[in-house]
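K.L.:
The primary structure of each chain is shown beneath.
Number of protein chains: 2
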Amino acid sequence: MADKRFNSLPGFRDFAPDDCAIRNYFFAAWRSVAHRYGFVEYEAPILEETALYQKKAGDELNTQLFRFVDQGKRDITMRPELTASLARIVAGHQRNYPKPMKWFEIGQCFRYEKPQKGRGREFIQFNADIIGEDDPAADAELISVAIDTMLELGFTEEDFVIRASDRESWLKFCAENNVEDTTGFLGVIDKIERDKPEVVSEKLAKYNLTSEFVHAFINDPANASPAFQQIQKNLDARGLGKYLKLDLTIVRGLAYYTGTVFEIFDTSHSMRAVAGGGRYDDLLKSLSNGVVDLPCTGFAMGDMVIRNFVEETPHAKAKMDAWLKTQNPCDIYVVIADEEQRFNALKVVTELRNVGHKVEYAMTETKFNKQFKTAEKLGASKAVIIGSEFPELQLKDLHARTEETLELEQVITALA
Amino acid sequence: MADKRFNSLPGFRDFAPDDCAIRNYFFAAWRSVAHRYGFVEYEAPILEETALYQKKAGDELNTQLFRFVDQGKRDITMRPELTASLARIVAGHQRNYPKPMKWFEIGQCFRYEKPQKGRGREFIQFNADIIGEDDPAADAELISVAIDTMLELGFTEEDFVIRASDRESWLKFCAENNVEDTTGFLGVIDKIERDKPEVVSEKLAKYNLTSEFVHAFINDPANASPAFQQIQKNLDARGLGKYLKLDLTIVRGLAYYTGTVFEIFDTSHSMRAVAGGGRYDDLLKSLSNGVVDLPCTGFAMGDMVIRNFVEETPHAKAKMDAWLKTQNPCDIYVVIADEEQRFNALKVVTELRNVGHKVEYAMTETKFNKQFKTAEKLGASKAVIIGSEFPELQLKDLHARTEETLELEQVITALA
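Line order of the protein sequences matches chains Z and S. With UniProt numbering, letter number 49 in the first sequence gets 49, and the count goes up by one each step, no holes. With UniProt numbering, letter number 362 in the second sequence gets 362, and the count goes up by one each step, no holes.
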């Protein structure tokens with residue numbers, strides 16, 4: 001190893017401060033929306049017993065896992081997603097919380113995949129779930145969270161759409177058309193947009209169905225389920241109905257969804273889904289071995305696709321950039337004009353910090369002009385200059401270029 | 001697995017919302033202090049090449065690691081600490097940031113240890129580092145951050161003390177007393193308070209030294225290094241000098257410290273160190289194979305010991321509890337007195353959320369009194385009641401028990 005500089009592992013990201021500030025922009029937006037909707041934050045461990053995921057996936061375990069054996073010979077996995085942990089925690093703690101529970105989480109997940117645009121081996125997810133309410137009103141509330149998250153990030157009706165469906169529509173279809181293997185059939189619908197027409201026809205032939213017949217079903221709005229119709233009316237009442245589109249091809253790949261399912265896409269559909277979720281009413285019962293049986297609906301948004309989407313959408317990027325400008329490391333720079341006053345300067349720095357300002361100063365003797373240059377680099381809007389006239393100080397507005405002579409107490413009042 | 005309910009792995013914590021709020025209290029305190037001091041946030045990957053830690057530890061690798069081989073046959077480790085990653089990231093990004101760099105991080109670390117009070121296999125650390133300044137003024141600035149963190153958490157002079165030393169004092173001692181194996185000797189000093197007196201005497205005899213002679217050195221304040229004396233004066237100027245105590249037995253176990261070292265203890269010394277750190281001027285050069293050579297000083301505080309300390313200190317716990325009360329999931333509860341008004345209620349909920357309030361309501365038809373009970377449970381201070389008089393609404397203060405009749409625009413103004 002002697003001649004090499006270390007790098008991060010492939011698919012893993014370093015968040016140097018400029019990148020970390022962008023990460024924090026998404027955190028702030030997610031938290032802001034979740035709080036307005038009355039969601040409370042939880043967090044789950046990064047590591048879980050592998051069996052937890054086995055149980056959730058119905059024994060077909062994802063092969064793209066960071067899975068290993070620990071020093072205590074446990075088969076453990078770095079979490080690829082949150083829902084299994086959520087169900088485990090809810091089963092253990094739900095007694096302490098009134099229903100429905102509205103919980104959100106922001107944290108990292110890990111999948112051993114080929115790193116590519118919008119997908120790393122590590123990514124951060126925003127998860128929001130409503131537990132204990134089976135009415136479509138809960139799905140509408142959740143979809144509203146998803147829509148408001150997009151609006152909070154500066155997106156408009158022109159930029160994104162929620163494509164939603166309900167597995168119930170298809171279960172009814174299956175019953176009416178003698179399709180017995182509903183899981184297999186939903187798998188065909190899940191890929192119907194990506195597979196070539198001849199592949200779709202071939203797959204559907206196994207169910208004695210034609211592509212025309214299935215597409216006619218998909219294209220008829222009358223096949224929206226009653227739940228979907230309620231969600232549409234609910235969102236209309238909020239003024240958010242225009243973001244929702246019925247799309248019966250959305251069924252979500254995962255086996256555990258039981259009803260309403262949805263995904264957020266950019267309107268040009270040029271990237272992966274930005275977020276996705278739906279109702280999973282049986283998972284909690286299954287993961288708690290029947291101890292706790294609560295209906296759930298939830299969604300997740302990863303940080304990588306949404307960041308790309310923001311960066312490629314000028315008005316969303318402008319909103320982010322404006323926020324980033326407020327994250328300057330320093331509001332007030334204390335300029336030491338006379339090195340003899342260093343200890344008094346430390347007192348000034350301390351008192352300004354004590355009332356909550358972000359304050360910087362040169363830790364060692366530094367030329368007067370260089371201190372102002374640093375103040376500018378750090379984004380300070382004010383300078384407090386301390387020289388031989390102490391306790392008199394100069395308070396300088398670095399934007400307006402105005403200056404006044406004040407004592408410390410007056411400076412604190414002026415900056416309050 | 002069929003008959004078991006899943007638990008978290010031993011030494012790993014579930015943060016259900018009540019616990020997550022406490023976690024967030026520490027995050028808020030840490031961020032608040034770091035920002036006031038002009039620190040900017042960064043984050044490093046949870047996983048790193050194992051060799052990164054090998055290099056840092058000088059080839060004696062910690063055996064208590066979550067270390068494994070990934071699907072690409074890489075020897076990787078879940079980070080046991082942040083400094084090695086920090087050095088790696090700084091080496092790669094330092095060109096973009098003016099010096100000195102003041103960086104902080106809040107994130108999880110992992111060690112395969114026996115779980116016990118104040119120590120889990122997973123814990124969260126607050127890391128603050130100043131990079132690119134070798135003057136003791138930087139150590140003083142960093143120790144101030146540590147002190148202000150304790151004050152921010154509600155601790156007082158009676159509760160905690162910073163015990164600080166400087167390895168320079170001992171290097172001078174070694175030079176004057178013909179101690180050649182300084183690393184071995186510092187290891188003896190590191191354990192001098194915990195080892196039995198006869199063990200100490202035996203160990204020191206190997207260096208031709210008596211316990212009396214070494215303790216006399218420890219107890220003489222004249223052996224404070226020039227750097228320590230500068231730090232003391234610097235902190236005195238800030239009014240923080242009273243929290244600092246010279247303690248030459250503090251040398252910190254890790255090999256990479258080069259100068260000032262310190263630890264925070266509760267004054268009764270009844271628990272582990274609450275935080276610790278020091279100067280490590282050579283590590284960056286070593287980890288970057290000489291590419292980047294910047295002096296560094298930093299400290300870390302784990303979340304488990306500090307949380308115990310807060311919970312066992314009544315005035316600190318009272319401060320935390322007061323903060324937790326501000327984290328109620330709901331400010332305004334929209335009470336639906338007439339189910340016919342549900343869609344209008346959704347509009348009211350949406351508009352109140354749009355101006356930033358935390359708003360809740362019953363998603364399905366619920367008895368009038370039960371809605372008020374839920375409002376109380378969720379900590380709402382106001383209720384907006386919507387009935388057949390809509391667009392007239394009742395705005396009720398749930399604490400003062402006052403009520404007024406207003407339209408939505410007036411409610412928004414009244415609550416602004």
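Keep in mind that the hints were calculated from the coordinates and are not lab data. Incorrect hints may have been included.
One copy or two, either will do: identical chains are not told apart, so a pair holds if it fits within one copy or between any two.
What the hints assert, rightly or not - As a list, the in silico DSBU-like pairs of lysine-lysine whose alpha-carbon atoms are at most 35 Å apart:
no.: 1; residue 1: K377; residue 2: K73
no.: 2; residue 1: K196; residue 2: K325
no.: 3; residue 1: K114; residue 2: K73
no.: 4; residue 1: K191; residue 2: K370
no.: 5; residue 1: K196; residue 2: K377
no.: 6; residue 1: K99; residue 2: K317
no.: 7; residue 1: K367; residue 2: K233
no.: 8; residue 1: K285; residue 2: K114
no.: 9; residue 1: K233; residue 2: K373
K.L.:
Each of the hints needs a verdict: does it hold here or not?
P.N.:
A quick look at each hint next to the structure:
{"no.": "1", "hint": "K377 - K73", "in the structure": "neither (52 Å within a copy, 44 Å between copies)"}
{"no.": "2", "hint": "K196 - K325", "in the structure": "neither (47 Å within a copy, 57 Å between copies)"}
{"no.": "3", "hint": "K114 - K73", "in the structure": "both (28 Å within a copy, 15 Å between copies)"}
{"no.": "4", "hint": "K191 - K370", "in the structure": "neither (61 Å within a copy, 46 Å between copies)"}
{"no.": "5", "hint": "K196 - K377", "in the structure": "neither (55 Å within a copy, 54 Å between copies)"}
{"no.": "6", "hint": "K99 - K317", "in the structure": "between (38 Å within a copy, 29 Å between copies)"}
{"no.": "7", "hint": "K367 - K233", "in the structure": "between (66 Å within a copy, 23 Å between copies)"}
{"no.": "8", "hint": "K285 - K114", "in the structure": "both (34 Å within a copy, 32 Å between copies)"}
{"no.": "9", "hint": "K233 - K373", "in the structure": "between (57 Å within a copy, 28 Å between copies)"}
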